[in-house]
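**Q** Sequence:
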Amino acid sequence: MRFTAGRALIVLLRVQGFVELLALVAVVMPYSWMGEVHRAMGMGDLPSDPITEYLARSLSGFYAFHGAVLIAFSLDLPRYLPLVRLFGWMGVAAGIGLFAMDHAIGMPAFWVLGEGPIVVALSGAMVWLAYRSRP
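Using the working numbering, the first residue of the sequence shown is number 92, and each one after it goes up by one.
No wet-lab data here; the hints were simulated from the structure. The reader is advised that the hints may include incorrect statements.
Cβ pair distances, simulated, as ranges [claimed, not checked]:
| id | residue 1 | residue 2 | range |
| --- | --- | --- | --- |
| 1 | R223 | A195 | 22 to 28 angstroms |
| 2 | L177 | P138 | 17 to 23 angstroms |
| 3 | V116 | S139 | 27 to 33 angstroms |
| 4 | S139 | L204 | 45 to 51 angstroms |
| 5 | L146 | F201 | 16 to 22 angstroms |
| 6 | G188 | V119 | 24 to 30 angstroms |
Just so it is clear, CB atoms sit at the ideal spot from N, CA and C, and this is done for glycine as well.
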């Protein structure tokens, strides 16, 4: 079996989708666990107010939703290839925005370098493979 751009794209979509689905854990985990993770990352105490909890859980849910969509795209790539390209370009733009925002608001260096640039790289790979895949 030949490993084509289409097959590589399917693998990328499924792996990234699966990893993003892991964010479902944060949707339902006790808030105290989120606080422990926050402290372990050297970011101090996690504020204990409704908006912080809402934003943490809803963003985790959004990541899981995005992951499920990527997996769905991988199940019928010829049909969804135009949307994969769109999601890829949107991801590149979002990654650039995340990098700028993370830097501007003073996130730790590991976060600034580990979020936006990774989103840009994965999304860029998605775009590159999508344009090399046959519909």
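**Q** If any of the earlier hints don't hold here, list their numbers in rising order.
**A** 1, 2, 3, 4
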